[in-house]
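Chemist: Residue-level listing of the chains:
Protein chains: 2
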Amino acid sequence: MSANTSIQSVGMRFIQTWNAHDMDEFALLFREDADFVNVYGSAYVGRPRIRDEHISIHATVFRDSQLSANEMRIKQLTDTVASLQMHWALVGIKTPHGQPLPDRKGVLTLIVIKTGDGWEIAVGQNTDIVAPPG
Amino acid sequence: MSANTSIQSVGMRFIQTWNAHDMDEFALLFREDADFVNVYGSAYVGRPRIRDEHISIHATVFRDSQLSANEMRIKQLTDTVASLQMHWALVGIKTPHGQPLPDRKGVLTLIVIKTGDGWEIAVGQNTDIVAPPG
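Order-wise, the sequence lines are chains A and B. Taking the working numbering, I'd label the letters of the first sequence as residues -10 to 123. Taking the working numbering, I'd label the letters of the second sequence as residues -10 to 123.
FYI, nobody ran anything at the bench for these hints, they're computed from the structure. One should not assume that every hint holds.
You can't tell identical chains apart in this list, so a pair holds if it fits in one copy or across any two.
Unchecked claim - Lysine to aspartate or glutamate pairs mimicking EDC-like chemistry, simulated, CA-CA at most 16 Å apart:
no.	residue 1	residue 2
1	103	68
2	83	41
3	64	22
Computed from a prediction, not measured in an experiment: that's the story for all the values here.
Using the sequences and the accompanying hints, generate a full structural model.
Modeler: Shown next, in the form of structure tokens:
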């Protein structure tokens, strides 16, 4: 399995575990000390925090959400570090009171590190695509 | 000069060149093939594109803007790759027609790579801090 296939599989697992709302498996994609910044600019440090915050939000606003990738671009930074940039769409979002919210698009960047024979997320950051002020 | 000092200086130069609106110097912080995702989820590839887009926006909405960092956290990922997470505030933003816009806060992540005796930005992503839906 080539490095790109393995790295891409991290992106695919990100989507699969999100859509299964299995935040235990989702969290296992991250290194123990990983950083993650979500679309609201909330900065989480460490796999347990990333797991707990995603469990919380997948119990409410993201409970029925489904994520898909329009594009996944991998760039090898060094032999053991790569970036994966995913352009995503998210549907099925609701308020905590169950009212539907508009679909969203955004860009997710994952910095993955080779460990043993796999790749783990060391740094992740997510940004909604919105119109610039004008 | 320790690695952390050098990496932190990339973050400091990011702020200094932004506040001087010197986008040529700003762009030189990035590797030739760098990726940058701005707060609007616009994904730019390559130093020339990053430079041109920032020249454009610093001629209008960010012309009088001033950036500052509340916090700058560095994490070494490997010997030659590190992440720098900056919690920032931006004031002096205006519409293209010169009307003042609210101050903003956000989180910027820079993935820097050691090249020769310096560090360059390979990947950058920026996210506004906003309230989650509720």
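Chemist: Look at each hint and say if it fits the structure.
Modeler: Hints versus structure:
1. Taking CA atoms no more than 16 Å apart as the test, residue 103 paired with residue 68 passes in both settings, with 8 Å inside one copy and 14 Å between copies.
2. In this assembly of identical chains, the alpha carbons of residue 83 and residue 41 never lie at most 16 Å apart, being 19 Å within a copy and 38 Å across copies at closest.
3. In the homo-oligomer, the alpha carbons of residue 64 and residue 22 lie at most 16 Å apart only across protomers (10 Å), although the nearest pairing inside one protomer, at 22 Å, exceeds that limit.
In summary, the structure is inconsistent with hint 2 from the numbered list given earlier, while agreeing with all the others.
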